[in-house]
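> The task is simple: from the sequences and hints, build the whole structure.
Residue 17 is where the sequence shown starts when you use my numbering, and the numbers rise one by one after that.
Hints may contain errors.
[Stated by the list, open to error] Calculated cross-link-like contacts (lysine to aspartate or glutamate; reagent style EDC-like; alpha-carbon spacing at most 20 angstroms):
id : residue 1 : residue 2
1  : Lys56     : Asp118
2  : Lys256    : Asp118
3  : Lys225    : Asp342
[Unchecked claim] Okay, the calculated beta carbon distance ranges per label pair:
id : residue 1 : residue 2 : range
4  : Pro269    : Gln357    : 17 to 25 angstroms
5  : Gly327    : Asp146    : 47 to 55 angstroms
6  : Ala54     : Arg177    : 15 to 23 angstroms
7  : Asp284    : Asp313    : 13 to 21 angstroms
8  : Thr105    : Gly179    : 17 to 25 angstroms
9  : Gly270    : Ser182    : 40 to 48 angstroms
10 : Lys231    : Lys402    : 25 to 33 angstroms
11 : Ser163    : Gly287    : 20 to 28 angstroms
12 : Ala54     : Ala120    : 30 to 38 angstroms
13 : Lys119    : Tyr218    : 41 to 49 angstroms
14 : Gly161    : Asp284    : 13 to 21 angstroms
15 : Asp146    : Asp284    : 44 to 52 angstroms
16 : Tyr218    : Gly148    : 18 to 26 angstroms
It is worth saying that the hints were derived from the structure and are not from the lab. Predicted model only: the values in this text are computed from it and were never measured. Where is the CB? At the ideal position from N, CA and C, for every residue including glycine.
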Amino acid sequence: MLHRAQAHLVGGLLTGVGFFGAVLAAHGQEGSVATTPAYKVLYTFTGEGDGSEYNTLLPYDKYVIRDREGNLYGTAPYGGYESGGEFSTCGEYGCGVAYKLDKAGKQTVLHAFTGTPDGMFPVSSLARDDDGNLYGTTTGGGFTGGSCGGFGCGVVFKIDRHGNESVVYTFQGDADGRNPAAGLVRDEWGSLYGTTPDGGEYGSGTVYKLDNDGKETIVYSFTGGTDGGGPFSGLIRDDKGNLYGTTRQGGAPGSCFGEGCGVVYKIDRSGKQAVIYAFQGAPDGAAPTASLIRDEDGNLYGNAGSGGNTGQYCGSFGCGVVYKIDRNGKESVLYTFAGAQDGEIPTGRLFRLDHKLYGVTYYGGEVSDCFGFGCGEVFELNQAGKKRVVYTFTGEADGGVADAGLTGDEEGNIYGSTEFGGDVTGPTGLCGGGCGVVFEVKVRAERHDSDTPPNE
Numbered sequence: 017m018l019h020r021a022q023a024h025l026v027g028g029l030l031t032g033v034g035f036f037g038a039v040l041a042a043h044g045q046e047g048s049v050a051t052t053p054a055y056k057v058l059y060t061f062t063g064e065g066d067g068s069e070y071n072t073l074l075p076y077d078k079y080v081i082r083d084r085e086g087n088l089y090g091t092a093p094y095g096g097y098e099s100g101g102e103f104s105t106c107g108e109y110g111c112g113v114a115y116k117l118d119k120a121g122k123q124t125v126l127h128a129f130t131g132t133p134d135g136m137f138p139v140s141s142l143a144r145d146d147d148g149n150l151y152g153t154t155t156g157g158g159f160t161g162g163s164c165g166g167f168g169c170g171v172v173f174k175i176d177r178h179g180n181e182s183v184v185y186t187f188q189g190d191a192d193g194r195n196p197a198a199g200l201v202r203d204e205w206g207s208l209y210g211t212t213p214d215g216g217e218y219g220s221g222t223v224y225k226l227d228n229d230g231k232e233t234i235v236y237s238f239t240g241g242t243d244g245g246g247p248f249s250g251l252i253r254d255d256k257g258n259l260y261g262t263t264r265q266g267g268a269p270g271s272c273f274g275e276g277c278g279v280v281y282k283i284d285r286s287g288k289q290a291v292i293y294a295f296q297g298a299p300d301g302a303a304p305t306a307s308l309i310r311d312e313d314g315n316l317y318g319n320a321g322s323g324g325n326t327g328q329y330c331g332s333f334g335c336g337v338v339y340k341i342d343r344n345g346k347e348s349v350l351y352t353f354a355g356a357q358d359g360e361i362p363t364g365r366l367f368r369l370d371h372k373l374y375g376v377t378y379y380g381g382e383v384s385d386c387f388g389f390g391c392g393e394v395f396e397l398n399q400a401g402k403k404r405v406v407y408t409f410t411g412e413a414d415g416g417v418a419d420a421g422l423t424g425d426e427e428g429n430i431y432g433s434t435e436f437g438g439d440v441t442g443p444t445g446l447c448g449g450g451c452g453v454v455f456e457v458k459v460r461a462e463r464h465d466s467d468t469p470p471n472e
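This is how it looks when you write it as structure tokens:
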């Protein structure tokens, strides 16, 4: 099931341009960064060798990560031309990049993808080990035969400290899964765990494990029924080795036009899967695609981009919710978005600091921007469920349409990225409306030793 806004974006994906980007290009927006002491653009993508966030279009589960020195690491699904500045094998948009952003805002491209065999279109977050190696996935490239056609089935890759990329695993597109859309989590032995939204024994997605030799084991294959289907989100892992995640479909029979509204699930170390909660659509949410976060008491927090309020702005799909699931599997809706100025389609992983939750919405905010949709916002929820807008995007030099979750530090800064905005006056052939930005928002003025640490 697609949200009303996601539906026209997916239609744009099939054309290779995208509805929203085409409208922005035609409008030719101009402007400067809105002045606020809390918000800062750290980097503006050009859409060329440095990468582009432009037209990500689907609800992928990605976010930047941060090391102890304050450097940020992430992926951009497009850009990153081959040597000599020529268009890559992925066409004029490029196959995407993995990058590093230092504290001064200097970007270094760690790897520019070429399609085959190294992968293309990295839409996930990265994982980093103690030696500084990075691990991630691409949704395309790699093996280009069989059920995946010329697009490819995707790969799991590693980038070492010297910037050398190697393919850890190449998906074949059948029982082993296909087109991974989320990042990875590592265990204490260095094994990697991830999800694929398609493929597997029943064609409804997988949870997989890769050992240190790159050997894949399917931990669980979703049936698309009551156990869920289409796991777009990544996984989190507790200290007992249990895995937690969400699926976009499946769950409660008959809900969400018969496809199911999605589930929150747990998989124990033996591979046994249990549905912790099955969404109904309204009022509890639908179609979750973001990774969960977990607090010190074992409560889970997440957002669902659909469900909740089914009023004026969002129709029967709903504008999305932020939810909590306690250790007994009881769901509580912490906030229901109303659309328009209140925000619409919460996307990406939440970040927790000082007992408050921070997140972003894809649309909403100031609805005079981004042609009546609104360019999205950064929001804060306190323990009482009261929402505060931290920042409203304009879609101009400050960015717009936040397509990624948040990462933070203990100093009260949070980091994210947007799909549009940035250099909106540049060439429109590649990124009409801007290629996106990486941003920082300060949400706390001072650090207190008694404050709750960030996410696990």
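> Look at each hint and say if it fits the structure.
Here's how the hints hold up against the structure:
1. Lys56 / Asp118: 14 angstroms, holds
2. Lys256 / Asp118: 34 angstroms, violated
3. Lys225 / Asp342: With Cα atoms ~27 angstroms apart, Lys225 and Asp342 exceed 20 angstroms; violated.
4. Pro269 / Gln357: 17 to 25 angstroms: 36 angstroms, violated
5. Gly327 / Asp146: 47 to 55 angstroms: 49 angstroms, holds
6. Ala54 / Arg177: 15 to 23 angstroms: 34 angstroms, violated
7. Asp284 / Asp313: 13 to 21 angstroms: 19 angstroms, holds
8. Thr105 / Gly179: 17 to 25 angstroms: This hint holds: roughly 20 angstroms between Cβ atoms.
9. Gly270 / Ser182: 40 to 48 angstroms: This hint holds: roughly 46 angstroms between Cβ atoms.
10. Lys231 / Lys402: 25 to 33 angstroms: 49 angstroms, violated
11. Ser163 / Gly287: 20 to 28 angstroms: Roughly 25 angstroms apart at Cβ, these two residues keep to the hinted range, so it holds.
12. Ala54 / Ala120: 30 to 38 angstroms: For Ala120 against Ala54, whose Cβ atoms are near 20 angstroms apart, the range 30 to 38 angstroms is violated.
13. Lys119 / Tyr218: 41 to 49 angstroms: 46 angstroms, holds
14. Gly161 / Asp284: 13 to 21 angstroms: With a Cβ separation near 35 angstroms, Gly161 and Asp284 fall outside 13 to 21 angstroms, so the hint is violated.
15. Asp146 / Asp284: 44 to 52 angstroms: 26 angstroms, violated
16. Tyr218 / Gly148: 18 to 26 angstroms: 38 angstroms, violated
Hint compliance for this structure: hints 2, 3, 4, 6, 10, 12, 14, 15 and 16 are not met, and every other hint is.
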